[in-house]
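2 protein chains.
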Amino acid sequence: MDDFRSAMQAAVARMDPSSAAVSAYHLGWSAADGTPLRAPAGKGIRPTLALLSAQAAGAPAAAGIPAAVAVELVHNFSLLHDDVMDRDTERRHRPTVWTLWGVPSAILTGDAMLTVAAEVLLDSGSTHALEALRLLMTTTRELIHGQVEDLQFESRESVDLQQCQQMADRKTGALLAASAVLGCVLVGGDPAITRALDSYGRALGVAFQLIDDLLGIWGDPAVTGKPVLSDLRARKRSLPVTYALSQGEAAGRQLAAWLRSPATDDEDALRRIAELIEATGARSWAAGQAAWGIRQAEQALADSTIPPQIQAEFMKVARFVADREY
Amino acid sequence: MDDFRSAMQAAVARMDPSSAAVSAYHLGWSAADGTPLRAPAGKGIRPTLALLSAQAAGAPAAAGIPAAVAVELVHNFSLLHDDVMDRDTERRHRPTVWTLWGVPSAILTGDAMLTVAAEVLLDSGSTHALEALRLLMTTTRELIHGQVEDLQFESRESVDLQQCQQMADRKTGALLAASAVLGCVLVGGDPAITRALDSYGRALGVAFQLIDDLLGIWGDPAVTGKPVLSDLRARKRSLPVTYALSQGEAAGRQLAAWLRSPATDDEDALRRIAELIEATGARSWAAGQAAWGIRQAEQALADSTIPPQIQAEFMKVARFVADREY
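Top to bottom, those sequences are chains A and B.
Counted the way the working numbering counts, the first sequence spans residues 7 to 332.
Counted the way the working numbering counts, the second sequence spans residues 7 to 332.
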């Protein structure tokens, strides 16, 4: 963990001083004025997966550090740019970078993160660096594709459930799967293990997105850190909303009419919409799909030759994802 | 040339359909509605340098194609993002991407270009792909650093000439130098040739920036394609302006006062400022420095073992840069 932290710091230190300072803020290492913050507790789901991924292939966790740093940087590159595009003003209870330093700083710091992510893999010293970087770049293109679709869907009258799921796979699933695979690729692991980790990661990604969407509607603000009913407030066409619309019954039509109406912050009205969505079966559908994803993830591991104690660690991550309360 | 064009098209075809369409517009291949345009005449200075760079190492030009595509994509990645940051509404007589499709499209298409640039080198099949990509990523970080400084300088009371030159080296010189080197690195050329090409490229970059700055003040709009006195209109602290300010005489002080005054589009007033700058010796200083850069570039080649006919091609590029009228 400490090794990961110092590798992240070394990666950020490659940047120009301004991008490095903005990164330190965005990553939660410092306040907006540069004052160091007490180190946050966890290292995040993607780096955790990347370190386990190296161990799944029989290598020490340390061998996965460049992969862990690279996925964390690509994830944060996409957050910085997405916050600009989505005009999001808060992330993890703090003002977003573009609101503090302007759009140019957010764009440039994101660019620097993507660049340094590639450099960290190139400088890993692994004979499989090229292969690992190819996977990371393909994944980054998937992420970009997902964000392109997400923005397109906002202005589209109807989006079917399959399109919505594909978009979520690209925006969320692809990088989670890549995180679970990248450490293994970097240490030159057995292709059969790579395939098992990819299946695990994709299934986990599906569950992750569904649970995020459930939290966005029915999550407890004290737990999620987001405002109550936040996704409805933002009229996000999340998976449960798209499912409800696809049911085409009276409730679906009422929901469609609401999506076309002017936005409101009236909490009672939003609560009624949440009830409407639940009445279509969308909440239990999403919860069921998420649980299915977690079981699929577990099965992918069980069918592999990954050491049992590493499988158990991967399942801890899966259960952490599944048990976020909603 | 046709091989380069089709390699560019194949690279863009890796992107999601929306980013590919936006790229095709930005690169001048299609109109905003997607109608194909007659192919533009040249292939641009950076790809030309990258192809020559492979030849300098004794390889066929074709071996430099992945390098040529990669530098062209990184260049255009930076243009797309810079246009957003600088709020530039026109480029090469056409509306910029963000004015047509919005800031998110410009950010995402730029991101896709950077990603694909890396992929093209990774998939080049060269045993030196890793080394080439490391150079490209270091250069990209320099580009980002240069843009960070450029934006910082806008809000700074005074910038000294050395800082201004360093910024220009990063923003313009670094990628020109990398273009001149990358083909050679990709084909595993002799390090002595790599060093000669780097010296050539850095010197060319200095000349390129100075001449661009001269054109921005004294260029003929019919030739430059930019509005008359465009850099003064935008109050750009270009190298000649910074030189003039550094002279600290009456003219320098008058210029500083003008930079602090509210912006004006009055052409007569801008012409008087141009005369003021010229009176400090800034115009002949810049022209002299540019000519010196071209001579340095030529010397770097002459001192190397690069085949004479390839040296001659490199000097054609240098003279093309030098002879843009101003």
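Treat the hints as calculated values from the structure; they're not laboratory data.
Worth double-checking, as some hints may not be accurate.
[Stated by the list, open to error] What follows is a list of derived Cβ distance ranges for each label pair:
(1) Asp271(A) with Asp39(B): 49 to 55 Å
(2) Arg98(B) with Arg93(A): 26 to 32 Å
(3) Gly40(A) with Ala263(B): 31 to 37 Å
(4) His134(A) with Pro314(B): 26 to 32 Å
(5) Thr41(A) with Glu284(B): 56 to 62 Å
[Claimed, not checked] A few chain A positions that, by computed beta-carbon distances, are all more than 10 Å from chain B:
(6) Arg20
(7) Arg44
(8) Arg140
(9) Glu155
Yeah, the Cβ is synthetic: ideal placement off N, Cα and C, and Gly gets one too.
Comparing the hints with the structure gives:
1. Asp271(A) with Asp39(B): 49 to 55 Å: violated (39 Å)
2. Arg98(B) with Arg93(A): 26 to 32 Å: holds (30 Å)
3. Gly40(A) with Ala263(B): 31 to 37 Å: holds (34 Å)
4. His134(A) with Pro314(B): 26 to 32 Å: Taking Cβ atoms as reference, His134(A) and Pro314(B) lie about 42 Å apart, which means the hint is violated.
5. Thr41(A) with Glu284(B): 56 to 62 Å: violated (48 Å)
6. Arg20: violated (7 Å)
7. Arg44: holds (28 Å)
8. Arg140: Given that some Cβ of chain B is not farther than 10 Å from that of Arg140(A), nearest at about 5 Å, it is violated.
9. Glu155: violated (8 Å)
The structure is inconsistent with the numbered hints 1, 4, 5, 6, 8 and 9, although it conforms to all the rest.
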